[in-house]
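Novice: The whole structure should be built from the sequences, with the hints applied where relevant.
Protein chains: 2
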Amino acid sequence: MDATDLRRRLDEARSARLATVGPDGKPHVVPITFAVDGDTVYFAVDAKPKRTTDLKRLRNIAANPSVSVLVDHYEDDWKRLWWVRADGAARIMADATQTERALELLARKYPQYRDARPPGPVVAITIQRMAGWAAIENPAR
Amino acid sequence: MDATDLRRRLDEARSARLATVGPDGKPHVVPITFAVDGDTVYFAVDAKPKRTTDLKRLRNIAANPSVSVLVDHYEDDWKRLWWVRADGAARIMADATQTERALELLARKYPQYRDARPPGPVVAITIQRMAGWAAIENPAR
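Taken in sequence, the protein lines are chains A and B.
Going by this note's numbering, the first sequence runs without a break in its numbering and finishes at 143.
Going by this note's numbering, the second sequence runs without a break in its numbering and finishes at 143.
If you are wondering where the hints come from, they were derived from the structure by calculation, not from laboratory data.
Treat the hints loosely; a few may be bogus.
Any copy will do: because identical chains look the same in the list, a pair fits if it lies in one copy or spans two.
As the list claims (entries may be wrong) - Simulated crosslink set (DSS-like; lysine-lysine; CA at most 30 Å straight-line): (1) K58 - K81; (2) K81 - K111; (3) K58 - K111.
Specialist: In structure tokens, the structure reads:
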């Protein structure tokens, strides 16, 4: 899978999974909605109901910025499987103007965010490495 | 989401995402096919083409057995979102009889594994904690 294909599949995916690491050295993984701009992946803490413990993702990032973001496709026909992973460094955004811009990107991708802007915070992940795999490298689309 | 619902959604899912942690403290996440028996999740290294570096999941587990397994459902109607996570301790199976039994469970779930038994190794994850979330707790099914 070439760099263009990796990026296209990441950009087009509607949801991803975010893996972080806790101070105890244990992994934590949650689904996220996200938007990509250049080499940055943005996601927001949104209004989907959460218990307090779900913000473990933010505590983990504050202590260890290394994250891994996976988008993948599964179906029972394994010839159609693929995945793309973006590893990077996450930070919780502090700048109001930059945060607003990220929320705008998220709202462009998800109508739900246009109706109800996520309260945040917003996390920005600088992509440092991408990898991917597809059962069939260049399927007819 | 109650314990029965958590287990049912995990059991029924066709694919999951496995997060591990590297010796460098960085998370790593890959999609897996898997089978559940009691409190154990099994997955096999299979014949889906892989580069050597993809076995990072096994190196990570050998050094740090803590893993997190996520199954989730996304669709653009966010009222139908849900996810279930199983955190646990992973080990690469050494016992031939137990490995054979795990491969049998995987073959029962996936026809592809009946046609071509995965070469392995097989990893067993003892579930230590489950968590989950659904936008609507008890949807009509």
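Novice: Run through the hints listed earlier and report the numbers of any the structure violates, in increasing order.
Specialist: Structure breaks no hint.
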